[in-house]
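Fit chain B to the known structure of chain A by using the hints.
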Amino acid sequence: MSVWSHEADEPSKVAVREKVAREMERDHPGLRVKITWYDAAGLVVALKTSLAAGQGPDVFYIETDWSDLITDGYVLPLDGLVDWDNIYHWARKPWIRDGKTWAVPQEVYTDELYYNKDLLAKLGFVLPPNAQFSQEQFLDLVKKARAAGITPIAQGVGDRNFPGAYILTQALLHKLGLSDYAKLFGGQLSFEDPRVSAVFRWVKELVDAGAYPKDFMTLKLAESHFYFYQKPGAVMLPMGSWYTGRAFVPVDEGGQPEDFPLGLMQFPAMDGGACNECKIRAIGSSFAINAASPHPQLAAEFLNRMSRPEIGKLWIDTVHLQTAVKAQGSPATPHYAGYYQELMARQQGAQYFEMDPSDFLEAECLDTFVQVMNSSFPAGLLSVEEALRLMNQGCYRG
Amino acid sequence: MASMPQVRHGERTSLTPQRSAWIPIITFVAPALIIYAGFTLFPVLKTIYDSMHVMKPHNAVEFVGLGNYRALLTHDVVFWKAVTNTAIFSLVGTVCDVAAGLLLALCLFAKVPMARFWKVVWFSPVLISYVVVGIIWVWIYDQDWGIVNTVLRWIGLGSVAHPWLGDPHTALWAVLATQIWKWAGFNMIVFLAALYALPADVLGAAELDHCGWLAKLVFVILPMLRPTAVSLLVLSFVGKMMIFDVVWIMTRGGPLWSTETVSTYVYKRAFDWNTFDLGYPSAIAVLWFIMILVFVAVLTRLLWQHDKLEF
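Listed in order, the protein sequences are those of chains A and B. Heads up, the first sequence is in our numbering, so the first residue is 1 and it goes up one at a time. Heads up, the second sequence is in our numbering, so the first residue is 1001 and it goes up one at a time.
Hints listed in this document are in silico derivations from the structure and should not be mistaken for laboratory results.
Keeping only pairs whose Cα atoms sit at most 35 Å apart, straight-line, the calculated DSBU-like set for lysine-lysine is:
(1) A:Lys326 to A:Lys100
(2) B:Lys1268 to A:Lys214
(3) B:Lys1056 to A:Lys100
(4) A:Lys220 to B:Lys1081
(5) A:Lys279 to B:Lys1268
(6) A:Lys183 to B:Lys1268
(7) A:Lys100 to B:Lys1046
(8) B:Lys1056 to A:Lys279
(9) A:Lys204 to A:Lys144
(10) A:Lys214 to A:Lys117
(11) B:Lys1268 to A:Lys48
(12) A:Lys93 to B:Lys1056
(13) B:Lys1046 to A:Lys48
(14) A:Lys183 to A:Lys100
(15) A:Lys220 to B:Lys1182
(16) B:Lys1182 to A:Lys231
(17) A:Lys34 to B:Lys1056
(18) B:Lys1081 to B:Lys1056
(19) A:Lys204 to B:Lys1268
(20) B:Lys1268 to A:Lys220
(21) A:Lys183 to B:Lys1056
One-sided excerpt, in silico: chain B residues whose CB lies under 8 Å from chain A:
(22) Asp1142
(23) Asp1144
(24) Pro1163
(25) Leu1165
(26) Gly1166
(27) Gly1254
(28) Phe1271
(29) Trp1273
(30) Thr1275
(31) Phe1276
Label-pair ranges, simulated between beta-carbon atoms:
(32) A:Glu364 to B:Ala1110: 49 to 57 Å
(33) A:Gln137 to B:Gly1158: 31 to 39 Å
(34) B:Glu1062 to A:Gly80: 28 to 36 Å
(35) B:Ser1159 to A:Gly42: 40 to 48 Å
Every residue, glycine too, gets a C-beta built ideally from N, C-alpha and C.
Just chain A, with the same shape it has in the complex:
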């Protein structure tokens, strides 16, 4: 049986999946489970070419924005094949399309705003009890940090099509609420809506105040982590909660220092926001079965084995990340207990939008989102009016 997986560069995830493969081989004498490791871009190209030729692996890694694989009929529906009792229903939901479930989620994450507690205190700011600054306070924080010679937000878009848009998309979600936010990116609400332009104007103020590093356009994702917790240091880093995959590893492997004062705050509340308690929760790594696989039962067994509670627990303990699997017991890593408590506290009472825009946008709208909201607008290359016009041109179908 063959499995193609992304995340070759995350040893803890590799270890979990290889463990499941070896256990399956042990229980099925004569069976060989070969996992081929790719990076995401290479995997997409390999899948699109091999699946179109009626070939490809039995099981493959899939992300929610690769929905064309489903619509084109290359994925087997999993409703009757997988034991869904071990998977949280809300995590299964994003994979339900046309009444069928197409993939088994393994990793889930929320978009979070990480910060350096010491730097925040040094700048004279105290986080409110609900851990959420107002628009005005947040802008003030950015200005004071820049005045003190500290980069406010360590973010770069050198190798990804989404991180530059974290602040902007979260602000839009807070301002518009779940329904109108979905309409905005679904092409049913104009970017020239006054609430949208108000958010863009506020973000423009942040940009003009020097919120982002000067090498924002070329700073890569892994470099932005290092920038935040090592050198030169920054006050904040908006990131998916998979931040831990890079940060909670030994320092000599690029991780954060043992004593790093990591904190989590909510993304700022918008004035007159429809849903300031809204957050984005998304499905990360998931696995699907090739519709042309000659071994669908074996493939389903592999997915079921990855979804056992003990594997979920292993995931949390070694990958330090949320999982869609109903794992039992608290994390076995006391060093990070405080982090997990804070993460859970930030999710109390939250309402969730279940995808990042880069996960569900497609075609021209996706390209415009990447060029405008992810990079050029936060880089200060566009005025508010130009950004809104381009976004409308690419996304609005009204």
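The following block gives chain B in isolation, referenced to the frame of chain A:
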């Protein structure tokens, strides 16, 4: 009796010498032809076929005739941006890296001090993969600690320090400089080989006629290097018309499509747009293939020398 075997023999080998010669020819050529048909001709024909279709979900293919081409030529702003960028890249890049290669070759031909060392140094970028070259130059252009801005600050030109790849006005030129750095060494080696192959008696005659070094270069050496230069110009031009890797690694076509080339746009449309439609990107590929053919034909015709030099 004696003639019977001859007749039978004649019947068995009734193939004429001309026809029988085809058997080994076909036997030897067929494998190459099959490989060519499978890996070149078929993909080209399939791309042309795809370019007249739209691929829809569930493997549905809809014939749209020239619809993709029409949309491409009339509505696609990004395509025209990509065409403009690729044209700038191809024209400026070709002239610059062939000229740079010629200058370097002349330096070596003139036996500059440490010529062997410089030959290795100037040629070595050719041996480095595009991925490594791209990463190195992203670091070189880094706003905070890249060597370009560091040197500018060091010599008191800090105000000129700049996010070279992050500004739509400079990004294309920054990538172009990287490309020239990588390929000048290749052109240098080809020119150097051509320089050493020049007839010594012609050069000697020029010296006997008290021809100065500049006159010798302009009136003797350069005309004799013309065929080499034409070949390098055409090769370099075609390579740049298809430029992908260095752009993809350094900027992915950004910021604001300022470094988008036709090849990066084809890739994005085919694999990055979350759609399975290979029809439209195929139309771009076919159109660009035709444009490259036309450009190469024109360029060759313009640069080719009909009147041969006589020594």
